[in-house]
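Residues in the sequence shown are numbered from 1 upward in steps of one, following UniProt numbering.
These are computed hints drawn from the structure, not numbers from a lab. Please note that the accuracy of each hint is not assured.
Stated by the list, open to error - Using 20 Å as the maximum straight-line C-alpha spacing, the simulated DMTMM-like pairs for lysine to aspartate or glutamate come out as follows: (1) Lys112 x Glu73; (2) Lys110 x Glu121; (3) Lys110 x Glu131; (4) Lys112 x Glu184; (5) Lys4 x Asp16; (6) Lys29 x Asp12; (7) Lys29 x Glu50; (8) Lys33 x Glu51; (9) Lys44 x Glu59; (10) Lys44 x Asp74; (11) Lys33 x Asp16.
Unchecked claim - Between beta-carbon pairs, the in silico distance windows are: (12) Arg199 x Lys33: 53 to 59 Å; (13) Arg63 x Gly161: 28 to 34 Å; (14) Gly123 x Pro5: 23 to 29 Å; (15) Glu82 x Tyr43: 40 to 46 Å; (16) Ala188 x Asp16: 45 to 51 Å; (17) Ala154 x Glu30: 17 to 23 Å.
All C-beta atoms in this analysis are idealised placements derived from N, C-alpha and C, irrespective of residue type, glycine included.
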Amino acid sequence: MQQKPTRARILDAAHDLMRTIGLARATTKEIAKAAGCSEAALYKHFASKEELFVAVLQERLPRLGPLLRRLAEDPGERSVEENLAEIARLASHFYAQSFPIAASLYAETKLKRRHEDSMQEMGTGPHMPIEALDAYLRTERDAGRIDPGADTFAAASLLLGACAQRAFAYDSAVGKQPPQPVDEFAAALARTLLAGISR
């Protein structure tokens, strides 16, 4: 059996370690060791641990960004409610998987600041999904499918904030299960949000 390419092994190892011991404790040395390569080989593919973290979010977690960009360009034939439910479902999965990875950052102020500075240099960060969802909702507002006075940024913040809060409140580590399955939650969230911004 042929071994995976080095970059893929590094991403797999980083995802596993970041998920199990947290971003703060997953060092590049440990990631390289788990990937079966040298730390120098890791740095041939990723300039920093922050860049590796972004790659894990983009390539190993549910793909929220591409969906939001696609919908902003072309909402498609589905209803706004169906699009919002799909966004909420995917966002719920994304935050449920990313929350355990990033949570350790909040325990170390210096590491969090360095991480935020790196994210800013790379032109990314946790604000990106909100801005992308805001762009999609503006497209729907311009098309007349939601109220012309709707505050699309507030609506985007509410939807994604609810998905992130679900991941925080029902983190699998604490053993408390959400009262609704994710599909039911996403549909209810989309319906409730749309009631506030529809024409």
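Quiz item: Of the numbered hints stated previously, which ones are contradicted by the structure, given in increasing order?
Solution: 1, 3, 4, 10, 13, 16 and 17
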